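Protein chains in written order, with the numbering used here: chain L, -8 to 60; chain F, 2 to 273.
Treat the hints loosely; a few may be bogus.
[Unchecked claim] Lysine-lysine pairs mimicking DSSO-like chemistry, simulated, CA-CA at most 30 Å apart:
id	chain 1	residue 1	chain 2	residue 2
1	L	Lys37	F	Lys95
2	L	Lys26	F	Lys22
3	L	Lys26	F	Lys66
4	L	Lys37	F	Lys97
5	F	Lys97	F	Lys8
6	F	Lys8	F	Lys66
7	F	Lys6	F	Lys131
8	L	Lys37	F	Lys66
9	F	Lys8	L	Lys(-1)
10	F	Lys8	F	Lys185
11	F	Lys185	F	Lys95
12	F	Lys6	L	Lys26
13	F	Lys97	L	Lys21
14	L	Lys21	F	Lys95
15	F	Lys8	L	Lys37
16	F	Lys254	L	Lys26
17	L	Lys21	L	Lys37
[Stated by the list, open to error] Just so you have them, the derived chain L footprint on chain F, three or more residues with Cβ under 8 Å:
id	region
18	18 to 24
19	38 to 50
20	118 to 126
21	129 to 140
22	209 to 222
Derived by calculation from the structure, the hints in this document are not laboratory data. On a predicted model such as this, the values are computed, not experimentally measured, just so you know. Think of the CB as a built atom: it goes at the ideal place given N, C-alpha and C, for glycine as much as any other residue.
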Amino acid sequence: MPFTMVVKVNGQSQTVPDGTTVRQLVALHKLAPEKVAIEWNRRLLKSERYDQVLGNGDEVEIVTFVGGG
Amino acid sequence: MDVFKIKNFSLNNRLFIGTGKYATYELMQQALEASGCQVVTVAVRRERLIDAHGRSLLDYLDLSKYVILPNTAGCFTADDAIRVAMLGRDLLEKQKNAGANWVKLEVLGDKKTLLPDPVGTIEATRELVKEGFTVLAYTSDDPRSAVRIKEAGAGAVMPAGSPIGSGQGILNPLNISLCLELLKEGDPAFPVIVDAGVGTASDVAIAMELGADGVLLNTGIAHAKDPVKMAVAMRHALEAGRLSYQSGRIPRKRYATASSPFDGVISYIPGE
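For reference, chain L alone in the conformation it holds in the complex (with noise of 0.2 Å):
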């Protein structure tokens, strides 16, 4: 069995493979890239770093715009 860590994904805990990265978690859980932007550890993380490999505890904000005033 391949080796797991726990990160903190929208505030909810999540167990992914060791070596998961923010592009592979976007994709698990079927969001489009271009349709969301992201935090990494409470920093805003750039596409063009969306290969970033996740460690254990991480914490993620995927985000995207809803109706507001």
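Position chain F against the provided structure of chain L, taking the given hints into account.
Frame of chain L, contents of chain F only:
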């Protein structure tokens, strides 16, 4: 064309409409269209990870037509507002929308009143300006806070007519007019937009008659019984108020002044 500018943004419509609280996305589309607005506001929220195939707001906004103004609604600290602004900018850069470089800054004090926190708003304004944003800052109708926010580098100041979503209209026209006077002193083109509290069309007209450069509203349209018809009303009210302001209203007088001459009347006049 009655164009106005907020830093590098050149706008030919003065109504800013929110996209929240519509019963359906289709109704939102129709209301936006009916309002004639050019700028629409949106919020930044966590993507739903369970139901990721749900409908997305972005699929219902014509990004070639509207300039999107992302807000920092729901933020109670300057730090969180800055994070949200950065995320909103990144999203709009990906969509290649002109709105990528501006933000409607909200730093709120508490969830009940949704009144702005002036200190947090000023802190966030300074930081966001350093990051290259054009900041449109939501604030209360307090004229001194408004001036401080302008001094912090805001591209536009947006005093509230009354609390967000309250529909109470312009509760203190004197304060709004003082905001306008102080913010535009020696800088008449500085944009001031009345944001929040609009309940009906006359509220928009009053804001514009006072000399506001624009009005931002959401609930007044979204929660009207007929949002599309109300959007039309808001459009006309904006135009009426703007024209009225440009025309220059008559001063208020204590007594009547007759429109028909007294010269030549055949009647008895009391007291003469």
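Hint check:
The hinted pair formed by Lys37/L and Lys95/F meets the criterion: a straight-line CA distance of about 10 Å does not exceed 30 Å. For the given pair, Lys26/L sits about 21 Å from Lys22/F by alpha-carbon distance, which is consistent with the 30 Å threshold. For the hint linking Lys26/L to Lys66/F, the alpha-carbon distance of about 18 Å falls within 30 Å, and the restraint holds. Of the supplied pair hints, the one linking Lys37/L and Lys97/F holds, its CA atoms being roughly 15 Å apart against a limit of 30 Å.
A distance of roughly 19 Å separates the Cα atoms of Lys97/F and Lys8/F; the hinted pair therefore holds under the 30 Å criterion. For the given pair, Lys8/F sits about 20 Å from Lys66/F by alpha-carbon distance, which is consistent with the 30 Å threshold. At roughly 20 Å between alpha-carbon atoms, Lys6/F and Lys131/F fall within 30 Å of each other, so this suggested pair holds. Proposed proximity of Lys37/L and Lys66/F is supported: the alpha carbons are some 26 Å apart, at most 30 Å.
Distance hint between Lys8/F and Lys(-1)/L is unfulfilled; the C-alpha atoms sit about 39 Å from each other, more than 30 Å. In summary, the hint linking Lys8/F to Lys185/F is supported, as the alpha carbons are separated by about 15 Å, within the 30 Å threshold. Annotation: proposed proximity of Lys185/F to Lys95/F is violated, straight-line Cα distance about 35 Å (limit 30 Å). Using a Cα cut-off of 30 Å, the hinted pair Lys6/F and Lys26/L holds, with the two alpha carbons roughly 29 Å apart.
Restraint check for Lys97/F and Lys21/L: satisfied, since their Cα atoms lie roughly 22 Å apart, inside the 30 Å limit. Only pairs whose Cα atoms come within 30 Å are accepted, and Lys21/L paired with Lys95/F is accepted, the gap being roughly 18 Å. Between Lys8/F and Lys37/L the CA atoms are separated by roughly 25 Å; this keeps the pair inside 30 Å, and the hint holds. Our distance criterion of 30 Å between C-alpha atoms is broken by Lys254/F and Lys26/L, whose separation comes to about 58 Å.
For the hint pairing Lys21/L with Lys37/L, the CA-to-CA distance comes to about 19 Å; that is within 30 Å, so the pair holds. Here's how the region 18 to 24 of chain F fares: 5 of its residues keep a CB closer than 8 Å to some CB of chain L, so the rule of at least three is met and the hint holds. With 8 residues having a Cβ less than 8 Å from any Cβ of chain L, the region 38 to 50 of chain F passes the three-residue criterion, so the hint holds. Interface restraint, the region 118 to 126 of chain F with chain L: violated (0 residues with C-beta to C-beta distance below 8 Å; minimum three).
Against chain L, the region 129 to 140 of chain F contributes 0 residues with a C-beta closer than 8 Å to a partner C-beta. That does not satisfy the three-residue criterion, and the hint is violated. By the rule of at least three residues with a Cβ nearer than 8 Å to a Cβ of chain L, the coverage given for the region 209 to 222 of chain F holds, with 4 such residues.
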